[in-house]
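Asks: Please take these sequences and the hints and turn them into a complete structure.
Numbered according to my numbering, the sequence shown terminates at residue 172, and the numbering increases by one at each position without gaps.
Among these hints, one or two may not hold up.
[To be verified] Straight-line distance between alpha carbons at most 25 Å, and here's what the computed SDA-like set of lysine to any residue pairs gives:
| no. | residue 1 | residue 2 |
| --- | --- | --- |
| 1 | Lys162 | Ser149 |
| 2 | Lys162 | Pro148 |
| 3 | Lys152 | Ala89 |
| 4 | Lys152 | Leu171 |
| 5 | Lys122 | Ala107 |
[Claimed, not checked] Just the calculated beta-carbon pair ranges, DEER-fashion:
| no. | residue 1 | residue 2 | range |
| --- | --- | --- | --- |
| 6 | Thr124 | Ile102 | 41 to 47 Å |
| 7 | Gly165 | Gly125 | 50 to 56 Å |
| 8 | Gly159 | Gln109 | 49 to 55 Å |
| 9 | Lys162 | Ile102 | 40 to 46 Å |
| 10 | Val123 | Glu168 | 56 to 62 Å |
| 11 | Leu144 | Leu108 | 25 to 31 Å |
| 12 | Ala156 | Leu135 | 27 to 33 Å |
By construction, these hints were calculated from the structure, which means they are not laboratory data.
C-beta atoms are modelled at their ideal positions from N, C-alpha and C, and glycine is treated no differently.
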Amino acid sequence: MAIVYLIFALLIAVIAVIFALQNTITVTIAFLAWKVTGSLSLILLITLVIGAVIGLLVLAPSAIKNTLAVSGHRKRIGVLEKELD
Numbered sequence: 088m089a090i091v092y093l094i095f096a097l098l099i100a101v102i103a104v105i106f107a108l109q110n111t112i113t114v115t116i117a118f119l120a121w122k123v124t125g126s127l128s129l130i131l132l133i134t135l136v137i138g139a140v141i142g143l144l145v146l147a148p149s150a151i152k153n154t155l156a157v158s159g160h161r162k163r164i165g166v167l168e169k170e171l172d
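Replies: Now the structure itself:
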């Protein structure tokens with residue numbers, strides 16, 4: 088399954104690079120009091136990275152919880168195996 092994720096990430100990266108090479112127009116982005124000027128492709132790639140980081144932060148608590156649960160189960164299995172012996 089990890090290979091599928093790797094291939095998917097590589098595909099997204101290739102598409103992003105092609106997109107960046109084809110969109111070099113300068114744009115201005117305004118958000119509240121901030122104004123940022125840069126190439127369209129750079130701003131969109133930064134947005135993509137920010138979205139990926141937010142996605143990882145959303146998934147992190149459940150990943151940590153699952154890791155702790157697996158660790159607890161392994162310890163319990165070890166204790167039960169010792170009781171059987």
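Asks: So, for every hint listed, does it hold in this structure?
Replies: Structure-based check of all given hints:
1. For the hint pairing Lys162 with Ser149, the CA-to-CA distance comes to about 20 Å; that is within 25 Å, so the pair holds.
2. Taking the CA atoms of Lys162 and Pro148, the gap is near 21 Å; set against the 25 Å cutoff, the hint holds.
3. The straight-line distance between the Cα atoms of Lys152 and Ala89 is roughly 20 Å, inside the 25 Å bound, and the hint therefore holds.
4. Taking the CA atoms of Lys152 and Leu171, the gap is near 29 Å; set against the 25 Å cutoff, the hint is violated.
5. In summary, the hint linking Lys122 to Ala107 is supported, as the alpha carbons are separated by about 21 Å, within the 25 Å threshold.
6. A hinted range of 41 to 47 Å for the beta carbons of Thr124 and Ile102 is inconsistent with their spacing of about 25 Å.
7. Take Gly165 and Gly125: their Cβ atoms lie about 55 Å apart, and the range 50 to 56 Å holds.
8. Taken as a hint, the range 49 to 55 Å holds for the pair Gly159 and Gln109, whose Cβ atoms sit roughly 51 Å apart.
9. Lys162 and Ile102 have their C-beta atoms about 44 Å apart, which keeps the hinted 40 to 46 Å range intact.
10. Range check, Val123 to Glu168: about 59 Å between beta-carbon atoms, so the 56 to 62 Å window is met.
11. One distance hint, 25 to 31 Å for the beta-carbon pair Leu144 and Leu108, holds here, with the actual separation near 30 Å.
12. Remark: the range hint 27 to 33 Å for Ala156 to Leu135 is upheld by a beta-carbon distance near 32 Å.
Violation of the numbered hints given earlier is confined to hints 4 and 6; the remaining hints are satisfied by the structure.
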